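Since chain A is already given, all that's left is putting chain B on it; use the hints.
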Amino acid sequence: MQNQDGVQVDGEVESATSVATPEFDEWANFGDQDIMQQHSAIRAEEAEKIPFLGDKEPLSSLAAEYQSGSAILLEKIKVLGEQYAAIRRTRGDGNCFFRSFMFSYLEHILESQDQSEVDRIKANVEQCRKTLQSLGYADFTFEDFFALFLEQLDSVLQGNEASISHDELILRSRDQSVSDYVVMFFRFVTSGEIRKRAEFFEPFILGLTNATVEQFCKSSVEPMGEESDHVHITALSDVLGVPIRVVYLDRSSCDTGGVSVNHHDFVPVGSDLPNASGGSEKVSPFITLLYRPGHYDILYPK
Amino acid sequence: MQASRARLFKEYKEVQREKVADPDIQLVCDDSNIFKWTALIKGPSETPFEGGVFQLAFAVPEQYPLQPPQVRFLTKIFHPNVHFKTGEICLDILKNAWSPAWTLQSVCRAIIALMAHPEPDSPLNCDSGNLLRSGDLRGYYSMARMYTKLAAMPKKG
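Here the protein sequences come in this chain order: A and B.
The first sequence: position 213 = 213 (UniProt numbering), numbered continuously.
The second sequence: position 156 = 156 (UniProt numbering), numbered continuously.
One chain only, chain A, in its complex shape:
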């Protein structure tokens, strides 16, 4: 018998060559549909690792992720810990911003039972419906998504037959048939807002791609799984009139040596929020998202 190392090396070379030949033959018959099937199989496999929406975890779980990583990030997480208590992760499937927003918003309504906020957003949703109609969208293409969002909104308000508990809200947010429909609702209203205010958004879109506003909406806003950028966040915040705080966790550091964690508040234009009256008072968003390059999760303040 040869020594084991030798056998292993030989084995690898052999298997590599013997596998290659049949694959080449099959490529001719390997159509786009097979590729798409393979993609969805990979996605399904990944999906089992993390649900659409995770459990609430202490911030220490975030630090644990970087234990052997960047010192700057660990330092920043420590700073985050002064203001924030917990994190709730979302699946990195390109819909994480919209899904984080969905849960965060509905959870806020469930906990605050703020009827006036619900009335306010419903009026904005009706406005979105008119916007889409005037842009030429057929009602039947978006109405199911609108209906499902409004249904969730009603059910987080307590005291009626359809009312749901916090646990049920989590379950629904993990159920594709609810969760993806609500994400798609947000994609529709975001797209409508960008197209309606095309002149305003155009320069920002040109900074991201060289697509026209309409192409951008068709290729980067409306399709599921397309990641969100500041353009999407600005539009969604504006159209629904909901301020959003995004906390940035990246490797950037200050020259002075100390670290600070940056955040940006997306404050809706013409904001008529009660605490924005007069303009001097600071709007404090009730939705806080943690951004790490390429991904959004939900943050819970202390």
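No lab work stands behind these hints: they were computed from the structure.
There's no promise every hint is true.
[As the list claims (entries may be wrong)] Partner residues are not named here, just some residues of chain A that face chain B (Cβ under 7 Å, in silico): (1) Phe140; (2) Met184; (3) Glu222; (4) Pro223.
If you're wondering where the values come from, they're calculated on a predicted model, not measured in any experiment.
Here a beta-carbon is modelled for each residue, glycine too, at the ideal position from N, C-alpha and C.
Structure of chain B alone, referenced to chain A:
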């Protein structure tokens, strides 16, 4: 499943209404299965497909409209973005650029637009793509025309 069925039923009603508005597209739902549709589309004018009628087969997934329908040509067509044997179509909106804002009807319109504006740089039919990429418009036109006549026009007599 229920959601896709309800949506398809709305599309069915819409198709009945749009019949007159869009005479180039005839979209028909299978009698017994609302997830199976066929369409007859007219080849666009000033293209080698003019005068031809092309049949498309739609298979709608249960996740529709979150996922796109699968569409292929049943009628043989010589086009860079259509597989010559299977009829499979290379069109972004049927893949990653799909969104529920599209409908079966607007997919047909997009396919007609693709017939008029082939994208030879992402070919499923390399022979056809290579003719266009090498600038042999005459070669492309005559091949495409021949197959239109052979496969997409009613036989005389």
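Hint check:
Given hint, Phe140 of chain A at the interface with chain B, holds; its Cβ is 4 Å from that chain's nearest Cβ, closer than 7 Å. For Met184 of chain A, the interface hint holds, since its Cβ comes within 7 Å of a Cβ in chain B; the closest pair sits about 6 Å apart. Hint on Glu222 of chain A holds. Least Cβ distance to chain B is approximately 4 Å, under the 7 Å limit. At about 5 Å, the closest approach between the beta carbon of Pro223 of chain A and any beta carbon in chain B falls short of 7 Å, and the interface hint on this residue holds.
Checked against the numbered hints listed earlier, the structure breaks none of them; every hint is satisfied.
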